[in-house]
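Taking the hints into account, I'd like the entire structure generated from these sequences.
There are 2 protein chains.
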Amino acid sequence: MNLNTLFNPQSIAIIGASRDKEKLGYQILNNIRSGGYRGKIFPINLKAETIDGLEAFKSVKDAKEKIDLAVIVIPAKFVLSEIRNCADAGIKNLVIISAGFSETDAEGKKAEEEIRKIAAEFGLNILGPNCLGFINSYNDLNLTFAKTPPFLPHLPKESRQGRVAIISQSGAIESAVLDWFGDKNFGFSYFISIGNAAVLDENDFFEFLAQDKNTDLIIAYLEEIKDGQRFMEVVSRLSRLKPFAVLKAGRTKAGKIAALSHTGSLAGSDEAIMTGLRRSGAVILEKLEDIFNLTRLAARPAKIKDNNIYIVSNAGGPLVLTTDELEKNNLPLGKFSSVLEKELKTKLSEIKNIHNPFDIIGDATADRYQRALETILADKNINNVLVLLTPQTTTEIEKTAEVISALGKKYAQKLICASFIGGDSLAKGKKILEKNFIPSFDYPEQAVRAMAQMIGYQISKNNIQIYKNNLDSRRQIAPACAGRDGSKQAIIKNKQLNYLKSFELIKKYGIKTVDNKIIKCEKDLNTLKYPIALKAVGEKIIHKTDKNLIALNLKNASEAKKAFGKFKSVLKQEGNYCLAQTMIGEGREMIVGFKRDEFFGPIIMAGAGGIYTEILKDTQTEIDDIDLPRVMKMIEKLKSYKILSGTRGQKSYDVKALAQAIVSVARLAREHSEIQELDINPLFVTRKGIIAADVRIIT
Amino acid sequence: MNLNTLFNPQSIAIIGASRDKEKLGYQILNNIRSGGYRGKIFPINLKAETIDGLEAFKSVKDAKEKIDLAVIVIPAKFVLSEIRNCADAGIKNLVIISAGFSETDAEGKKAEEEIRKIAAEFGLNILGPNCLGFINSYNDLNLTFAKTPPFLPHLPKESRQGRVAIISQSGAIESAVLDWFGDKNFGFSYFISIGNAAVLDENDFFEFLAQDKNTDLIIAYLEEIKDGQRFMEVVSRLSRLKPFAVLKAGRTKAGKIAALSHTGSLAGSDEAIMTGLRRSGAVILEKLEDIFNLTRLAARPAKIKDNNIYIVSNAGGPLVLTTDELEKNNLPLGKFSSVLEKELKTKLSEIKNIHNPFDIIGDATADRYQRALETILADKNINNVLVLLTPQTTTEIEKTAEVISALGKKYAQKLICASFIGGDSLAKGKKILEKNFIPSFDYPEQAVRAMAQMIGYQISKNNIQIYKNNLDSRRQIAPACAGRDGSKQAIIKNKQLNYLKSFELIKKYGIKTVDNKIIKCEKDLNTLKYPIALKAVGEKIIHKTDKNLIALNLKNASEAKKAFGKFKSVLKQEGNYCLAQTMIGEGREMIVGFKRDEFFGPIIMAGAGGIYTEILKDTQTEIDDIDLPRVMKMIEKLKSYKILSGTRGQKSYDVKALAQAIVSVARLAREHSEIQELDINPLFVTRKGIIAADVRIIT
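Residue numbers (our numbering), protein chains in the order written: chain F, 75 to 773; chain S, 75 to 773.
Treat the hints loosely; a few may be bogus.
Which copy? The list can't say, so a pair holds if one copy fits it or any two copies do.
To be verified - Using 25 Å as the maximum straight-line C-alpha spacing, the simulated DSS-like pairs for lysine-lysine come out as follows:
hint, residue 1, residue 2
1, K483, K221
2, K151, K191
3, K221, K473
4, K711, K730
5, K402, K711
6, K691, K711
7, K287, K691
8, K483, K421
9, K454, K483
10, K97, K473
11, K361, K151
Hints were generated in silico from the structure; no laboratory data involved.
Note that the structure is predicted; figures quoted are calculated from it, not measured.
What follows is the structure, given as structure tokens:
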């Protein structure tokens with residue numbers, strides 16, 4: 075799919091162009107022209123002969139010239155026929171602004187389905203419907219109807235043409251971000267509102283932006299991810315090239331309901347999505363302000379070399395708070411070398427305590443900031459500097475901003491950020507910083523978070539493995555992706571696989587299990603090797619522990635018979651039977667399993683098992699394409715890892731065997747499309763090897 | 075201690091008043107006069123006859139009139155003699171702005187000690203030294219040298235006289251907050267910079283502000299709490315009257331080091347401080363911006379009645395994010411009653427989905443906001459409303475701000491907040507909100523956090539128990555509080571109490587323990603009842619598990635002898651010996667103990683024990699004045715509580731006996747001042763009763 079012509083059309087038809095300033099058809103035409111677009115424009119209007127001085131046409135077919143792109147801004151009911159007109163006229167790229175499709179009602183859903191069909195038939199690239207449009211800053215093309223001036227002709231190019239692409243599933247978020255850009259001195263590369271994504275979806279745009287030479291950072295706001303597996307493929311590839319940050323909304327239960335109600339979108343399981351995002355190497359944002367703060371940071375195209383942070387501040391309190399925040403974000407404070415320390419002692423003889431974080435004291439003038447920063451930045455091992463300032467008696471706000479700006483230019487490769495903390499008196503200083511592309515934040519904690527996000531990405535990006543969406547079996551298995559309307563939810567049959575068959579299946583994958591012996595009557599209990607566990611099992615029995623259908627640690631036949639007696643009423647029911655299992659004497663109880671996610675495929679899970687499973691919630695998840703090294707990392711992240719690996723002088727457990735079992739479960743998940751959910755719990759990890767004591771499989 | 079005259083002096087002497095505009099002695103005089111102070115002012119200056127048109131005096135003694143307060147702004151070396159002059163002249167209240175005391179060097183520390191002595195001798199109230207001064211808005215008294223106009227005479231009184239008192243241990247934070255207030259339309263009641271707190275400390279001011287009728291909310295920035303026990307007494311009392319919020323800096327290891335270096339203050343153990351803050355009912359802030367956001371919220375003196383939040387928004391995406399944030403902050407979304415729903419359907423017939431959170435769709439005009447909000451606010455069961463707005467095509471920003479403002483006046487008792495999200499285009503709208511005391515936030519997540527903080531406090535304030543600092547034994551015990559200079563750190567002797575004596579001690583407090591039998595030679599092992607545990611103990615042995623000096627579950631004499639053999643080399647060392655203990659067959663392993671904090675006294679701890687202690691970190695802490703109901707709450711907060719109380723059909727353990735043991739440990743802590751640290755781990759909680767299997771006591 076080549077989106078180059080969509081974003082760089084030589085000629086544009088505006089279907090629904092209007093003279094009425096209140097209409098979107100006017101606003102779009104006006105935005106295109108005032109933005110400085112240099113291609114041809116064909117207003118399409120049934121009545122007008124000219125619009126805004128341009129010749130108008132009744133239909134795209136009348137234009138008789140090659141049209142690269144058509145924007146459609148007419149009521150929903152007329153849209154389908156106009157798409158066909160465009161197809162007939164050979165127009166391959168469309169932007170459908172019009173709303174009234176799947177986000178409204180059943181009829182709208184049907185019409186959107188029709189759009190999809192026509193697009194497939196004629197090979198059309200369609201953005202929308204129900205979107206704000208897009209902006210391509212590097213081609214001076216503002217194809218949105220946004221009222222606020224997002225693309226300011228009065229700003230110099232280097233200010234409006236930024237290196238960050240913004241892509242959003244919410245028009246309101248786009249409006250807010252566009253409005254915010256309006257008074258900033260840095261811009262963006264692309265701005266894409268994807269609307270209902272009937273044809274082109276987020277993944278198509280990510281793929282396009284991955285290759286775009288004007289885009290260094292992609293920030294996405296998403297409420298759902300339609301095709302999780304393609305997402306992982308596209309984003310893991312992309313993330314090896316440039317940072318991809320995403321704010322995923324609808325992560326909580328209440329948030330999901332809110333998202334469903336306002337867009338009809340199914341947010342999907344948060345656990346699966348977060349596992350998929352981590353797998354893709356995405357920078358995961360947590361709050362709306364993260365979008366803005368990361369954009370601020372990206373205004374400065376610094377080369378990140380390490381994660382050591384250096385702080386220079388005229389304010390002790392904020393310096394302490396910033397240091398706290400660094401530790402919370404796992405960013406280390408760098409140490410001044412003895413050479414640098416000596417240098418600073420000479421250059422700043424008025425300061426007693428020379429160390430990082432560097433408190434240059436409340437009476438610091440711009441000159442003192444200059445001496446401190448110049449000396450520190452000259453150290454070639456120092457790459458990340460955060461400057462703090464609060465307005466005190468002798469503080470020279472604007473002059474200090476100039477100092478930072480000049481050093482920012484001189485040390486263009488270093489990450490230099492600032493936080494001037496206070497009120498209106500700082501506004502001018504902050505503007506100076508912004509004008510000079512020094513990322514400036516209202517509060518130091520915001521600076522630290524943004525730095526942590528970007529630095530964290532940069533120093534680990536080479537470890538991102540490209541996800542290959544070519545595991546055919548997995549693809550087959552996953553229920554068809556639900557449309558944004560949520561109509562095609564997979565119906566989970568929720569049928570439990572026969573207990574003994576479940577054991578047989580995992581055995582086939584090399585996972586050792588306890589021996590099961592069917593107990594039909596009391597005397598079967600006489601010949602066993604004790605201690606044993608007795609379990610009543612059956613297709614309809616799911617929580618054996620809760621229902622007292624497990625008796626553990628039975629030391630002899632008499633104890634076993636007593637337990638067996640208690641099961642009797644349950645065992646009378648059709649399909650239920652009793653099993654005896656040898657007790658596992660040693661080892662840590664773990665859980666290993668997977669859940670098949672509709673959007674991301676099997677999500678592999680491992681963690682503390684037994685009765686601790688739901689209480690400690692010490693589990694880690696991964697995507698099913700895991701290998702041993704990734705599984706080891708997964709296990710190492712568990713709190714229980716300290717126990718497994720032999721904490722406090724204790725012998726270690728067989729972590730490698732556990733890892734191998736997890737890899738096997740992932741293979742099982744890929745190869746058994748019919749299985750929705752599998753839990754081995756407890757899986758005993760012993761000093762040597764593992765042994766599964768219970769398995770539950772849902773098909 | 076009565077601080078009324080300090081804050082409301084009828085006459086002020088400025089020792090060090092100056093004509094030189096660059097000097098603090100000028101700036102203070104100028105701030106006092108331009109702020110509108112109506113009392114008498116006596117500039118004290120060795121040379122000048124008049125300053126700024128006022129008669130100047132060589133000494134306070136020359137003034138020959140009653141002086142309520144003296145401000146000292148002269149070099150440190152002259153300060154002591156001037157304090158004595160003041161004392162001689164009968165001046166009881168002093169503000170020492172001058173720096174150069176304990177924050178600098180040993181000499182400074184000595185001088186500060188001298189200040190303390192003089193104050194004690196003459197009964198002086200002294201704020202400072204090394205502080206910014208204070209402001210009392212309701213008395214038009216700006217006694218700071220802050221350059222930025224913190225106390226704006228051009229603003230109407232209702233704007234500069236707010237209901238929040240700000241108190242800070244950092245001058246830089248004060249400067250930033252003052253600067254920020256400069257362009258806000260709401261003010262504060264008191265603004266107090268406590269500096270080195272040589273005489274009056276934070277607790278004295280909290281006590282004063284608790285009684286102040288102009289203060290509804292106290293916000294403190296603290297780097298250390300000098301007297302934790304008095305803090306708890308003062309703040310728990312205060313918190314029953316009005317909210318007290320605190321931002322504690324230096325919470326991480328790196329942050330503590332930074333704090334120590336810049337103020338010489340010992341931040342103390344974060345765990346102890348947080349336990350003390352929770353005990354006091356304080357609202358715990360996490361970030362610098364929380365100070366500003368809570369101040370914004372406090373500008374509207376709403377009556378909080380419940381915690382149900384209602385959202386009205388023209389923006390779907392932000393609404394989803396806000397809903398996510400509500401859930402994260404444990405704030406529930408309210409539900410529209412069927413009556414209200416019907417009403418809204420009539421009043422907003424253009425909106426299909428009527429429910430909370432209420433999406434009034436991207437094309438919402440001010441009129442639609444009006445209809446939605448008016449209808450919702452008219453519902454007497456709805457008390458907390460958050461309005462969201464992003465600038466879209468038909469959005470009427472200022473008009474909508476007016477609508478919200480008018481309704482804010484009409485429903486003055488309700489908490490109405492707003493977040494207009496975007497850039498400069500919103501500035502005017504935001505100013506309208508601010509002018510009308512509608513708390514307005516840049517991002518909705520900020521609004522939610524501030525609402526959660528205030529609502530959380532209001533709905534639980536009646537549960538705050540007043541802490542009584544009258545447990546004499548505890549008082550005696552606690553090492554003398556370290557001065558801010560950290561000079562008096564308690565030297566912990568770190569001596570382990572004899573193992574068997576430790577058991578005897580907890581037994582005296584009613585805590586059942588395993589039987590210990592001293593094993594001198596192998597044959598002592600023949601007569602025991604198996605299974606047993608063998609332990610090598612001694613004063614210098616601390617981590618028995620790590621060092622393999624515990625052998626558990628020895629089933630017979632032969633196993634025991636083998637284990638005993640392995641201890642031999644250790645047992646040869648002076649003072650070490652071997653003990654046999656009966657194995658506890660059942661029960662959950664817990665830990666119960668305490669650590670004596672230098673500032674807050676004994677911090678009682680309980681949680682998951684055994685090898686899980688340090689891995690799961692499932693522990694809760696409390697102050698030692700606990701009773702059974704509070705201990706039960708403490709236990710219920712543990713993740714392990716689910717296991718203790720009988721999860722998943724299992725029988726429960728004896729939680730009550732555990733609670734009783736915790737109360738006993740607290741009593742022991744109070745009554746044994748010599749004990750620094752005590753751990754019972756594991757303490758087995760069985761189906762009936764508890765039994766301690768190991769104890770470690772450090773004196």
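Of the numbered hints stated earlier in the document, which are not met by this structure?
Failing hints, ascending: 1, 7 and 11.
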